[in-house]
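Asks: Sequence:
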Amino acid sequence: MKLHTYKYAVLLLLSIFALGCSNSEDPESSSQNPPEEETPVEAANIDIPGTVRDITSADLVSEMGIGWNLGNSLDVKDADKTLWGNPLPSQAIIDKVYSMGFRTLRVPVSWNWDMQSTAPYTVNEDFLTQVQETVNFGISKGMHVIIDVHHDEDWLRPTNAAAPMVKPRLASLWTQIANRFNTYGDKLIFETLNETRLLNSPEEWSGGTEEGRSVINEYHETALNAIRATGGNNARRHVMMSTYAASTLPVAMNALVVPDDSNIIISLHTYFPWPFTGEEGGTTEWGTDQEKAQLENEFEYIKNKWIVQEGRPVILGEWGAIDRSNLANREAYAQFYVEKSMERGLLPIVWDDGGNFRLLDRQNLDWHFPSIADIIVEAAN
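Under this note's numbering, the first residue of the sequence shown carries the number 1, and numbering increases by one thereafter.
Calculated directly from the structure, the hints in this document are not laboratory data.
Quick caveat: nothing in here was measured; it's all calculated off a predicted structure.
Treat the hints with care, since some could be wrong.
[Said to hold, decoys possible] Across the chosen pairs, the derived CB separations fall in these ranges:
1. Leu365 <-> Met165: 36 to 46 Å
2. Thr118 <-> Glu63: 34 to 44 Å
3. Ala162 <-> Asn364: 34 to 44 Å
4. Gly231 <-> Gln294: 40 to 50 Å
5. Ala92 <-> Met165: 33 to 43 Å
6. Thr82 <-> Gly278: 18 to 28 Å
We treat Cβ as the ideally placed atom computed from N, Cα and C, and that holds for glycine.
With these hints in hand, go ahead and build the complete structure from the sequences.
Replies: Rendered as structure tokens:
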């Protein structure tokens, strides 16, 4: 990876200062009226100091704008992060996302191929630098940015037998990540796990087993303790935690034990209904009154469980629908999904993998489906 030279540091810090001074405007109104022209700022490999304010996680989520996932990029299951067909992250890509009106950037990261598998589990310095640079692409635009532990299920096995080996590695990983970003303000959010589950098990996508769900809770606690132990801004940084496989099934939702920490955000993924959104050979149609009611029931259940009963804010970290040559149905689904989730205080972050769920052509910096992206942003307003 080509590293940017230090000469960009001053430019970047000046841009951050300008963004900080203008950050009092409502994030939704800024989404409605993005700047017509932005002077590109190259996100050099430097820290971007910030403040973790004394605000609740609910207040933080309420100020975050509609989100977009940089999927199938830094989360590629190989050291070559272009293997799945997308170019490496760049400021130009994030500028394009920002110009469309997205204000939250989720950066999935798979670490397994760039860290030692034995103690002390050191992460490759060049890869940490690449992750930091990608975070800076978003932070330099004033976006909220989320980084996680993504396709690492090969070693993050949620079993009692694996836990004694997993916990020290997970703690080391989050200690290294937290130390690297300790000076960053609360626009940077950590997500301890992604869709962690026991691969190829019968219960992989049906909420897991009692053992698996219990071990997931232990892994969240391990990661959170490692983050908090680094002190500084990380002592109060807002952290996202997911259910088993990020599932919204009752068995998974009810089993999640949230630590006694006020700055925790619940992370869920809901591609509901799956036969329309992603199932191979699924349906191209969606939008009957019954289907809309079912989707609203999904959101209502999530809201009642976490926001009403538990007092925890929720981010829907992944959602979307693949292209089946059914643009009108996907447009209707996107508008309804965003409107009805945000009405209930749930923040959706659309999944874009550059493949089946593609929205942005990252090679040519053009939108594959500009109408869907525009509908998502407008619906959020």
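Asks: For each hint, tell me whether it holds in the structure or not.
Replies: Going down the list of hints, with the structure as the test:
For the pair Leu365 and Met165, the supplied restraint of 36 to 46 Å holds, since their beta-carbon distance comes to about 43 Å. Between Thr118 and Glu63 the Cβ separation comes to about 42 Å, which falls inside the hinted range of 34 to 44 Å. Restraint check, Ala162 to Asn364: a C-beta distance of roughly 43 Å satisfies the suggested window 34 to 44 Å. Separated by about 46 Å at the C-beta atoms, Gly231 and Gln294 satisfy the suggested range of 40 to 50 Å.
Between Ala92 and Met165 the beta carbons are some 41 Å apart, a value that agrees with the proposed interval 33 to 43 Å. Checking the proposed 18 to 28 Å range against Thr82 and Gly278 shows it holds: the Cβ atoms sit about 24 Å from each other.
The structure is consistent with each of the numbered hints, conforming to all of them.
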